[in-house]
Structure formats: structure tokens, C-alpha cells
Amino acid sequence: MRLGMVIDLDRCIGCRSCAVACKSHNAQPPGTWWNRVFTPGASFHQAAVGKDGALQMESLPVSCQMCDNPACQKVCPSGATYTDEQGVVLIDYERCIGCRYCIAACPYGVRQYNWEDPKKAKERVGYEKGYEYGYPEDFRDKDGRLVFTPNRPVGVVEKCTFCAQYTSQGEEPACVRGCPGKVRLFGDLDDPNSEVSKLIKKRQPIRLKEELGTSPKVFYLAPAKPIR
Amino acid sequence: MKKSNLILGLAGVLILISLIAWGYQINKGLIVTNMRNPFSWGLYIATFAFFVGVAAGGLIISSSVYLFNIEKLKPFTRIASLSAFASILGAGAMIFPDMGRVDRVWNIFVYPNFKSPLVWDVVVISAYLLITFLSVYVQLLPDWKKEGRGFLNGWTKSHPQEYVEAFSKKWSKRVALVGLPVAILIHTVTALIFATQESRGWWNTAVLPPDFVSVAIASGTAFVLVIALLAVGKDQFEQYKEAFQRMALIVAGALVVHFFFVSVDLLIHGWWGSPEGKEVLSLIFSHYGFLYGTELLLPAFTMVFFLTKKGKNSFNALIIGSLLLFIGVFAHRLMLMYPAFNSIPLTLAIPGAGIESWAYPVAIGQLQEGVPVFVSSWAYTPSLVEYAVALLPFGLLVFVVTLALKMYNYVPQK
Ligand code: SF4
Ligand code: SF4
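Line by line, the protein sequences are chains U and B. Using the numbering used here, read the first sequence as starting at 172 and increasing by one per residue. Using the numbering used here, read the second sequence as starting at 7 and increasing by one per residue.
One chain only, chain U, in its complex shape (with noise of 0.2 angstroms):
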């Protein structure tokens, strides 16, 4: 099984709502962004580009590309980033020493480090005492290896993990579900039946920096909006 992911981007209206459902779902603390959503060639969300008075606006959510030949892995002096027989790349946030290495490696910006404690950054920012949110209980992988916890350790990475505490259970991820546009589709790619694969044979697919060899599992259907 390889899970992955296929983003229509030509039903994708930018609002946000994937980043939200998995900031929330995924306890991020304050100012980490495992999902983002942005208007490519603005230099803010929601703004239109062009030039000669054609003007044009799209929408490019980039989370983890889940790759298939993962910088972030390979650089890993620990070990603490690993894929699992999912296919899914994970961290163990028990493992991770902090060096930042991965960081550096992946070409997609979308790890991210826990600069301070996020209890104490929730308080520092002012988020209501005693409000918590998002997915309430530690998740382990099978051999015990902690992916998930709503408070994460000072001094560790973070990115998405496909909601591996949904995924386990056979459920999709939150981006996934808290989409109103129905953009995102998830499933196996080594299953030709599944929705993914089929979408993935019958329409070009891109992915993101392909040149990279990064080879990632999250394919982007581009946008054909009649605009002829």
C-alpha cells in the first residue's frame, strides 16, 4: 500500500478551510503551518496576477509531498524520520535530536521546528487558557515509535503525517474531509482501482519541482478554467 494524494486544483477556491481543519486536528502550535494555502505570483493570499490587463488567480495548497525518495529521510542522522509501510514519511518525535538537517533538505518548506515549548508559545500568544485543541491523545505507530502528541517536545520537527491517527484507523485525513470544494482525494496508488489511480491515468498530472527526482505522492490535477 502507498498512500497518496491528488488535488484538483481547478475546484480549489483558496479559502483555506484544509489549513484550518489540520492546524486544528493536528494541535499545530501558534505560527506552525503544516498546510498552506497561497495565490502563486502574489505576494499576498487571495491577490490577482498578470499583466496587459489579463488578469488570473489560482490556488496552490502545499503540504508534505510524501516522497517517494525523501531528502529529509536520507539526511536523518538519528533515524527519527522514517516511512512507514504506508509509505507515509513520519517523525518520531522522541527520536528527533533537533538538528535541523531536514529542514535545510527538503525542497518543499513544509517542516517546521518547535522553536520554543508550545504550551508555553499557546500561552505567550494569549490562546485561552485551558483551551486545547485537536486530536486529544498521543498516536504510536505499530512498533511504538510517538508520530503524534498534542503538545509536541521543545526542539523538535514537525510536518504533516497524512492524520496518520485517522489514516490508522482506516479514516481520511482532516484536510481531506474539512474541504468544502471536495479538491483533495486520498487513497492507495498501488491499487489501480482506487480513485486516485484512475484520476492519476486519465488526467496529466504535475507535481511539484519533479526535476528534483523527489518523486512525491502528492499529485496536483492543474487547473484548464476556460479562459479562452
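Incorrect hints may have been included.
Per label pair, the in silico range of CB-to-CB distance [said to hold, decoys possible]:
{"#": "1", "chain 1": "U", "residue 1": "Gln340", "chain 2": "B", "residue 2": "Ile23", "range": "35 to 43 angstroms"}
{"#": "2", "chain 1": "B", "residue 1": "His293", "chain 2": "U", "residue 2": "Ala393", "range": "29 to 37 angstroms"}
{"#": "3", "chain 1": "B", "residue 1": "Gly295", "chain 2": "U", "residue 2": "Arg348", "range": "44 to 52 angstroms"}
{"#": "4", "chain 1": "U", "residue 1": "Gly315", "chain 2": "B", "residue 2": "Asp109", "range": "14 to 22 angstroms"}
{"#": "5", "chain 1": "U", "residue 1": "Asp181", "chain 2": "B", "residue 2": "Val213", "range": "37 to 45 angstroms"}
{"#": "6", "chain 1": "B", "residue 1": "Val270", "chain 2": "U", "residue 2": "Ala219", "range": "40 to 48 angstroms"}
{"#": "7", "chain 1": "U", "residue 1": "Gly352", "chain 2": "B", "residue 2": "Phe291", "range": "49 to 57 angstroms"}
{"#": "8", "chain 1": "U", "residue 1": "Arg374", "chain 2": "B", "residue 2": "Pro357", "range": "47 to 55 angstroms"}
Using 25 angstroms as the maximum straight-line C-alpha spacing, the simulated SDA-like pairs for lysine to any residue come out as follows [stated by the list, open to error]:
{"#": "9", "chain 1": "U", "residue 1": "Lys245", "chain 2": "B", "residue 2": "Met105"}
{"#": "10", "chain 1": "B", "residue 1": "Lys80", "chain 2": "B", "residue 2": "Asp271"}
{"#": "11", "chain 1": "U", "residue 1": "Lys290", "chain 2": "U", "residue 2": "Ala192"}
{"#": "12", "chain 1": "U", "residue 1": "Lys380", "chain 2": "B", "residue 2": "Asp271"}
{"#": "13", "chain 1": "U", "residue 1": "Lys290", "chain 2": "B", "residue 2": "Gly29"}
{"#": "14", "chain 1": "U", "residue 1": "Lys222", "chain 2": "B", "residue 2": "Lys80"}
{"#": "15", "chain 1": "B", "residue 1": "Lys412", "chain 2": "B", "residue 2": "Gly18"}
These aren't lab readings, by the way, just hints derived from the structure by calculation. Owing to the predicted nature of the structure, the values given are computational and were not obtained by experimental measurement. Ideal Cβ positions, reconstructed from N, Cα and C, are used throughout, including at glycine.
Given the coordinates of chain U, work out where chain B with the ligands should sit on it, guided by the hints.
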């Protein structure tokens, strides 16, 4: 005697300041640095790379004595080994404060990932630490025997002085010869940490490892030169002048090679004219022009200066040339970081809008009034805490060198 106590005290203060700052950083997290997600390595890694470079000198000097029979340099093999040991100790120490979870670094040894260049570096740096230590040790054995002191040398008691002398001679040579490839490796592997990363155009070039070696030969030899000059003093300058000139020549020669590498590297970054290449060039020549100028001009001056009569004929000239070189090399190490992190890997072309290169913003990892949450470049300057913590290797190096020079004799009398 008095003077060395003063220096030891100063070095102790430096170490103390850095340890206090480090303690503060452990307590608060790396938030007290000015590094953030888009710019995740800074002064610490640059300082580390600087000390790795300086550590080369030792074994290059001692092994060239044996390999190329440069007898003139012979009096300084002890100083060379000592300086190498002290610098690699400093480099190793600098790595720890950069780790967010220094309490878990042992994970590298328990679960090493041998694909990671960082693991290769841990291996070669530990090996170099051991080799340089052994090199100092075997060279001091005869003196220790004579004077009846030293440490880890109980076994020499049952041997005659001649035996210990012969042993020391034989093993100094062996250690130096084994050490030379390791000295080359520490620079190669340290450079490979960066050069392997295809995501960062500024690093991803095969010229980086050989260039690291050439800079290391220059700065490492200059470092031995400075310590040798200080240990010998102005009075005995004339006596060892030829050795100093030889070292200055090695420095200048290595810099010639370095500038050759720099030129081909710049040419290749620029020639194709891709947006990535243009961005890197504009970062180094306009945005970080001052730092890059420092990196180029100071070593260039030293190179030319050391080739002239004036530059290599006096105590002061050699010291000044070397110090300018160190500043230039430090700028070189900082400039590893700026162009690499401030050109964001995920850039896209949006042809419909006539945009060739647009950087996808990165979350900085902190929510702070007046600071954007997502940025496409991060104006990094080290924080006060970072400067304080980065004193650690400087303090250690000065302390170890001064203490060793004070305790034992490093310049054999003729
Ligand atoms: S996108 Fe980055 S973090 Fe995710 S697998 Fe690829 S290299 Fe690793
Ligand atoms: S920061 Fe953690 S996950 Fe990243 S490379 Fe270092 S040890 Fe591995």
C-alpha cells in the same frame, strides 16, 4: 608565566559566558536565536565549519614534513598537532548548542543512519580528534620521560630514553601519515553535508568539497603560523624565519587554488542565466555584497601580501595577513548560509502572469506581533545569545592552546 595566566583567565570567562548563554537557550528553546524555519542554520553551523577549516593545518604541516621532507617545518610539528587538536575540539563543541535536543544526541550513535552526511561527519571528526590527540601525545613522550612527568605514560618508565625517542619518532610519522587523509576527509565530508542538497542551489556543486579543502589548507596553515609566531616570540623570529616563510607560501598557494574554484563556481552559477542562478548572484553581489566582499577581498589581499617580500619577512606582517584571512574565511562560512536559505527552494514560474520565479512562502514557526507568519525570505542576523554561545569554541581553543604551551615545551630547542 603571568601573561599566560591572564589569557587562561580570559578564556575561562569566554567559556563561562557561553555556557551561561547556552543554559538560557536550553531553558527557553532556540526561540532565543534569530533562526526560524526559513533560515534554520546560522551562526553556530558557520562557526562550526570555520573551526573545522582551521583544524586542517596541524596534520598538513606535520605530514608534509615527512612526505615532502620539508625539514624546515620540523620544529613546529608539535604546535601544528596541538592547534589541530584544539580547533577540532572547538568545532565538535560548537555542534552541541545547535541541537534542539542535546539530551538525545546519543540517538546518532544508537540509531545511526549511514546515508546521512552528518553521520559521516561525526565519524571523521571523532577520528580526527583522536588522531590529533595521539599526535601531540607521541611527540611529547620523550620530553615527559626526561622530565619525569606527563600523563598516560606510565609504560615508558621501564624503557630507556633512547627507546622512547625512537618510539616517538616512528609513531609521530605514522600518525601524521594516517592523519593526512583524515584531515582531507573532515573538510570533504563537512562540505558534503551541504553539497549533497539538491534543494539548495548555492550548495549543490561538486566544487564545494575541493574548495573547502583549499580554504582549510590556507586557514589551517595560517593558524599554525600564528600560534608558532606567538610561541616563538619576536626575539627568535629570525631563527625560524624560513619555516614561517614556508608556511606563508603554503597559505598563498592554497588561496590561489581557492580563487580558481570560486571563479569557476560563479561562472557556472551565472552562465546559464536561470532565475535560480540569477537570484543567487543578486543575493551575493547586491544583498549580501558587503559580506561577500569581505570574503573575497581580505583573503585576496593575504594571498598577494604573502607572495611579496614585505608580507613574509616580518613578524607583524605575517600576523596581520593571517588575521585578515581568518576574518575573510569566517565571512566565507557565513556566506554559506545567506544565499542558501534566502533563495527558497520551492519557487515556481507563472508564465500566464509573466512571472519567472515566485517563492512559495514558508511559515516562520513563531506567532509574534509585527512579524509576518509566512515569509519568502528571512533577514537573519545572529541574536546576542547566539553570539554569546558561539564564544564556546574560541574560549576552548585559547584555553587548551595556552594551557598546553604553558605546561610543556612545544618548540624543541636546537
Ligand atoms: S515534502 Fe519534504 S518533508 Fe515531505 S517527504 Fe518530501 S522532503 Fe520530506
Ligand atoms: S531535526 Fe530531527 S527529524 Fe530532522 S534531521 Fe534532525 S533528527 Fe532528523
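Results for each hint:
1. Gln340/U <-> Ile23/B: 35 to 43 angstroms: Since the Cβ atoms of Gln340/U and Ile23/B sit about 52 angstroms apart, the hinted range of 35 to 43 angstroms is violated.
2. His293/B <-> Ala393/U: 29 to 37 angstroms: Hint holds: Cβ distance 33 angstroms, inside 29 to 37 angstroms.
3. Gly295/B <-> Arg348/U: 44 to 52 angstroms: holds, 50 angstroms
4. Gly315/U <-> Asp109/B: 14 to 22 angstroms: holds, 20 angstroms
5. Asp181/U <-> Val213/B: 37 to 45 angstroms: holds, 44 angstroms
6. Val270/B <-> Ala219/U: 40 to 48 angstroms: holds, 43 angstroms
7. Gly352/U <-> Phe291/B: 49 to 57 angstroms: Between Gly352/U and Phe291/B, where Cβ atoms are some 45 angstroms apart, the hint is violated.
8. Arg374/U <-> Pro357/B: 47 to 55 angstroms: Between Arg374/U and Pro357/B, where Cβ atoms are some 20 angstroms apart, the hint is violated.
9. Lys245/U <-> Met105/B: holds, 18 angstroms
10. Lys80/B <-> Asp271/B: violated, 36 angstroms
11. Lys290/U <-> Ala192/U: Judged against 25 angstroms, a Cα distance of about 20 angstroms means the pair holds.
12. Lys380/U <-> Asp271/B: Satisfied, since the Cα-Cα distance of roughly 23 angstroms is no more than 25 angstroms.
13. Lys290/U <-> Gly29/B: holds, 20 angstroms
14. Lys222/U <-> Lys80/B: violated, 70 angstroms
15. Lys412/B <-> Gly18/B: Measuring from Cα to Cα gives roughly 15 angstroms; hence the hint holds.
In this structure, the hints that do not hold are numbers 1, 7, 8, 10, 14, in rising order.
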